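*Asks:* Residues per chain are reported as follows:
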Amino acid sequence: DTAVSQTPKYLVTQMGNDKSIKCEQNLGHDTMYWYKQDSKKFLKIMFSYNNKELIINETVPNRFSPKSPDKAHLNLHINSLELGDSAVYFCASSRRDRGEQYFGPGTRLTVT
Amino acid sequence: GIQVEQSPPDLILQEGANSTLRCNFSDSVNNLQWFHQNPWGQLINLFYIPSGTKQNGRLSATTVATERYSLLYISSSQTTDSGVYFCAGPETSGSRLTFGEGTQLTVNP
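Those protein sequences? They're chains A and B, same order as listed. Just so it is clear: in the first sequence, position 53 is 53 by my numbering, and no numbers are missing. Just so it is clear: in the second sequence, position 5 is 117 by my numbering, and no numbers are missing.
In short, the hints are calculated from the structure, not lab data. Incorrect hints may have been included.
Stated by the list, open to error - Sample of chain B residues lacking proximity to chain A, with all beta carbon distances greater than 12 angstroms (derived):
no.	residue
1	Q154
2	Q167
3	F211
Said to hold, decoys possible - Once the Cα atoms are required to be at most 30 angstroms apart in a straight line, the calculated BS3-like pairs of lysine-lysine come out as:
no.	chain 1	residue 1	chain 2	residue 2
4	B	K166	A	K36
5	A	K40	A	K9
6	A	K67	A	K9
7	B	K166	A	K41
8	A	K22	A	K41
9	A	K71	A	K36
10	A	K22	A	K44
11	A	K44	B	K166
12	A	K67	A	K40
Just so we're clear, the structure is a prediction, and the values are computed from it rather than from any experiment. The C-beta atom is built at its ideal place from N, Cα and C for all residues, glycine as well.
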């Protein structure tokens with residue numbers, strides 16, 4: 001009965017590699033988000049999609065590219081990983097624009 | 113964008129004590145959420161509370177939208193309440209949640 005799921009839960013990789021994180025929600029929501037939580041636990045929005053269309057794109061390096069194949073999925077692809085990309089990445093979803101957001105379990109990315 | 117300020121930044125309690133966490137916003141928000149991030153990193157929804165008061169067991173929350181603040185009350189705290197408590201709200205013109213820096217709560221047995 002997982003509402004918002006993410007894979008993988010942990011990701012350890014070397015600098016320069018390309019990696020993807022997947023997110024799926026079974027809540028029937030039409031808006032999905034990616035947030036980044038840094039080492040000081042500060043949470044910040046990265047992207048938001050509504051009905052597969054990008055509606056929020058914060059100041060994030062071009063190496064990060066979200067893709068939404070359908071309303072239930074939002075994936076995050078990261079190229080040329082850097083040490084500073086190490087963080088926990090959370091996916092979230094909501095019923096409508098501005099609705100209550102529900103978060104996935106997070107993906108802890110460690111770049112060595 | 114809006115600024116979200118949480119206080120206190122850190123709080124240490126003995127089991128059974130009560131506490132109040134505060135969240136101030138620099139501008140109007142059209143809704144507000146409280147989350148608990150447990151020691152395993154999960155973000156758990158506590159309240160979705162644009163205004164008024166809600167209660168859920170030992171926890172309750174009050175939002176006074178006109179004065180741009182919200183309070184989270186924890187009564188009879190338990191060790192499982194430990195973790196970081198975040199408040200967050202979107203700007204009135206959009207859906208992005210702006211988070212406060214959190215209150216780190218430690219409940220000792």
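*Asks:* Next, verify each hint and record whether it holds.
*Replies:* Now the hints, each set against the structure:
The claim that Q154/B lies off the interface is violated: its Cβ sits roughly 6 angstroms from the closest Cβ of chain A, which falls inside the 12 angstroms cut-off. Even its closest Cβ contact with chain A, about 17 angstroms, leaves Q167/B beyond 12 angstroms, as expected for a residue assigned away from the interface. Taking the minimum C-beta to C-beta distance to chain A, about 4 angstroms, the non-interface status of F211/B is violated against the 12 angstroms cut. The suggested pairing of K166/B with K36/A holds, with an alpha-carbon distance near 29 angstroms, which does not exceed 30 angstroms.
A C-alpha spacing of about 19 angstroms is found between K40/A and K9/A, which places the hinted pair at or below 30 angstroms, so the restraint holds. Among the hinted pairs, K67/A with K9/A is consistent with the structure: their alpha-carbon atoms are about 19 angstroms apart, no more than 30 angstroms. For the hint pairing K166/B with K41/A, the CA-to-CA distance comes to about 26 angstroms; that is within 30 angstroms, so the pair holds. In summary, the hint linking K22/A to K41/A is supported, as the alpha carbons are separated by about 21 angstroms, within the 30 angstroms threshold.
Distance hint between K71/A and K36/A is fulfilled; the C-alpha atoms sit about 21 angstroms from each other, no more than 30 angstroms. The hinted pair formed by K22/A and K44/A meets the criterion: a straight-line CA distance of about 18 angstroms does not exceed 30 angstroms. Our distance criterion of 30 angstroms between C-alpha atoms is met by K44/A and K166/B, whose separation comes to about 26 angstroms. A C-alpha spacing of about 27 angstroms is found between K67/A and K40/A, which places the hinted pair at or below 30 angstroms, so the restraint holds.
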